[in-house]
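Quick mapping for you: the protein sequence lines, in order, are chains A and B. Quick note on this note's numbering: the first sequence kicks off at 1179 and runs consecutively. Quick note on this note's numbering: the second sequence kicks off at 14 and runs consecutively.
Just so you know, these hints were derived from the structure itself, not from any lab. Mixed in with the good hints, there may be bad ones.
Mimicking SDA-like on lysine to any residue, the simulated pairs with C-alpha atoms at most 25 Å apart in a straight line are [said to hold, decoys possible]:
id: 1; chain 1: A; residue 1: Lys1185; chain 2: B; residue 2: Leu404
id: 2; chain 1: B; residue 1: Lys61; chain 2: A; residue 2: Lys1191
id: 3; chain 1: A; residue 1: Lys1185; chain 2: B; residue 2: Val84
id: 4; chain 1: A; residue 1: Lys1191; chain 2: B; residue 2: Glu318
id: 5; chain 1: B; residue 1: Lys61; chain 2: A; residue 2: Ser1340
id: 6; chain 1: B; residue 1: Lys376; chain 2: A; residue 2: Asp1334
id: 7; chain 1: B; residue 1: Lys61; chain 2: B; residue 2: Ser402
id: 8; chain 1: B; residue 1: Lys335; chain 2: A; residue 2: Pro1198
id: 9; chain 1: A; residue 1: Lys1185; chain 2: B; residue 2: Asn327
id: 10; chain 1: A; residue 1: Lys1183; chain 2: B; residue 2: Met316
id: 11; chain 1: B; residue 1: Lys335; chain 2: A; residue 2: Arg1196
id: 12; chain 1: A; residue 1: Lys1322; chain 2: B; residue 2: Phe73
id: 13; chain 1: A; residue 1: Lys1183; chain 2: B; residue 2: Val401
id: 14; chain 1: B; residue 1: Lys335; chain 2: A; residue 2: Lys1322
id: 15; chain 1: A; residue 1: Lys1185; chain 2: B; residue 2: Lys61
id: 16; chain 1: A; residue 1: Lys1322; chain 2: B; residue 2: Glu243
id: 17; chain 1: A; residue 1: Lys1183; chain 2: B; residue 2: Lys178
id: 18; chain 1: A; residue 1: Lys1191; chain 2: B; residue 2: Glu324
id: 19; chain 1: B; residue 1: Lys178; chain 2: A; residue 2: Gly1206
id: 20; chain 1: A; residue 1: Lys1322; chain 2: B; residue 2: Ile162
id: 21; chain 1: B; residue 1: Lys178; chain 2: B; residue 2: Phe73
id: 22; chain 1: A; residue 1: Lys1183; chain 2: B; residue 2: Val323
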Amino acid sequence: MSELKLKILELLKEDARRTPDLIATMLGVAEDDVIAAIKEMEEDHIILKYATIVNWSKVDEDKVTALIEVQITPERGRGFDRVAERIYLYPEVKTVYLMSGGYDLLVEIEGHSLREIASFVSSKLATLEPVLNTKTHFILKKYKQDGVIFEDHEGDHRMMISP
Amino acid sequence: MIKREPLTLEPHGGRKRRTSMQDYLSPLVRAIPPSGIRRFFDLVAGSKDVISLGVGEPDFVTPWHVREACVYSLEQGRTSYTPNSGIPELREAIAEYLYSRFNLKYEPTNQIIVTVGGSEGIDLALRALIEPGDEVLVPEPSYISYAPIAAITGGKPVGVETYAKDRFKLTAESLAKHITPRSKVLILCYPNNPTGAIMTYDDLLPIARLVEEHDLLVISDEIYAELTYEGQHVSFASLPGMKDRTLLVSGFSKAFAMTGWRMGYLCGHPELIAAMLKIHQYTVMCAPVMGQVAALEALRNGMEEMAAMVESYNRRRRLVVKGFRDIGLSCHEPYGTFYAFPSIESTGLTSEEFATRLLAEQKVAAVPGNVFGLGGEGFVRCSYATSVSLLTEALERIDRFVRSLNR
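Let the sequences and hints guide you as you build the complete structure.
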């Protein structure tokens, strides 16, 4: 991958709303090159989506997130992929990773209440034939996500004017 | 019997009675004018919701691994004095760093002092070298500390103006005009605060010839060395014949985002360094041990993070320089530091008027160029060590302000 594309990704990761014009200025390149590179990365599905990181604990809405360790029996010929697909197609599932170590899939699931998540696990996830067992961990508090600290206490302590 | 001296009848040994506290002060200190930057600071401190482009330090917090190393050393009880010139491992690390980055060879045992910030290095060098009447050449616009410290030692600071047309580089031509038989020390500060100017090898060479010809010493403040965005920084000490004539002042503040730690170092000829170590040992004894531990960690494991910070400044540098030019303020390309030094001459205002009104009308703080001495009038210093979103907002406000003037 070109160095320009990597630098563009870095700048968009910091703030997805940066315009090609601003990015071009910051990198000292032509705006057209930035537009072309972004378009290419979108077409190649390198850039999948421009999303917002939300601190839901500040939003007056009940939201419960759980991480579920799932052990499964891989399928002959297709390994874990098909089982993973059957799990990630549920809209309440936000993330699915194949993991090394003591279990196979790590599934992040979001719901409105403990009960809703419990019911998803017992009725939908655990009943899938290849699923051997599950371990559900509820997230109590988010400190940092995607490099963003939720309650940053470091702040700017600098004096307004210094020599 | 011991014969006593008769008591003098005159009180105070005959001299005039001191009537005010001012009379107790050394005339050299009394003569130092109040700092222009200080006055502006007071003005800004009273305003709210200001975006400040007046900050002379990184907007990064010291990298966590450096802070953590310090915390760990405190837990381990490392709270004692260190050798006067600094802990040996740190001096060795500084020597290795200077060699690998700038091709400078200093002996850690007798050519390096770890100082309390670069500032102490400047003070030590000037105090050890200057006797009353010696002239100290200071290219201006300049960082505000050199002339006052030179004056306290009894020296005479001599400003050498630099110009936007030369991209604020010091030229041999203008330097030569200010050299007299009393000239002893030339202070160089490149990359330059406040102009962002740098000096390449070819720029420095004619200066080195003059230094040799007129038998001068150079105090080279290279605190911003790592913040160079065009080519590699060239240390003045690395020029032919200049190592023994140079006192290199540097530190960790700017490159490693460690301003508040006050960690710097001073390097030079062993005989000069020995003299400066005398002052250092009687005044501060040694730099704080916790800062030294942190500085060592920064040198050992901090280069990657430093490179990322430099890249980040460079991106913002391009943003503000283009921003000023789009507004219609001419701005020479600052290839170093984290300052841009746009000209505000086209507005018809003085630096002070521009900065004061910009603060009052648009709540953006920038430092008026005249506080930095000769050649600073007509410019403002804008630090871009601030987030991209704040810089963008500040540029919009400056644009609004400049347009309101043209109405």
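Evaluation of the provided hints:
1. A:Lys1185 <-> B:Leu404: holds (20 Å)
2. B:Lys61 <-> A:Lys1191: violated (31 Å)
3. A:Lys1185 <-> B:Val84: violated (34 Å)
4. A:Lys1191 <-> B:Glu318: Given pair Lys1191 of chain A, Glu318 of chain B holds - Cα atoms ~18 Å apart, limit 25 Å.
5. B:Lys61 <-> A:Ser1340: holds (17 Å)
6. B:Lys376 <-> A:Asp1334: holds (18 Å)
7. B:Lys61 <-> B:Ser402: Cα-Cα ~18 Å, so holds.
8. B:Lys335 <-> A:Pro1198: Answer holds: Lys335 of chain B to Pro1198 of chain A is near 15 Å, not above 25 Å.
9. A:Lys1185 <-> B:Asn327: OK: Lys1185 of chain A and Asn327 of chain B at ~13 Å, within 25 Å.
10. A:Lys1183 <-> B:Met316: holds (24 Å)
11. B:Lys335 <-> A:Arg1196: Between Lys335 of chain B and Arg1196 of chain A the Cα gap is close to 16 Å, so the pair holds against 25 Å.
12. A:Lys1322 <-> B:Phe73: Distance of about 18 Å is within 25 Å: holds.
13. A:Lys1183 <-> B:Val401: holds (20 Å)
14. B:Lys335 <-> A:Lys1322: violated (34 Å)
15. A:Lys1185 <-> B:Lys61: Violated: Lys1185 of chain A and Lys61 of chain B sit about 36 Å apart, past 25 Å.
16. A:Lys1322 <-> B:Glu243: violated (36 Å)
17. A:Lys1183 <-> B:Lys178: violated (36 Å)
18. A:Lys1191 <-> B:Glu324: Roughly 16 Å separates the two Cα atoms, so the pair holds.
19. B:Lys178 <-> A:Gly1206: holds (23 Å)
20. A:Lys1322 <-> B:Ile162: violated (47 Å)
21. B:Lys178 <-> B:Phe73: violated (33 Å)
22. A:Lys1183 <-> B:Val323: holds (19 Å)
This entry does not satisfy hints 2, 3, 14, 15, 16, 17, 20, 21, going by the numbered hints stated previously.
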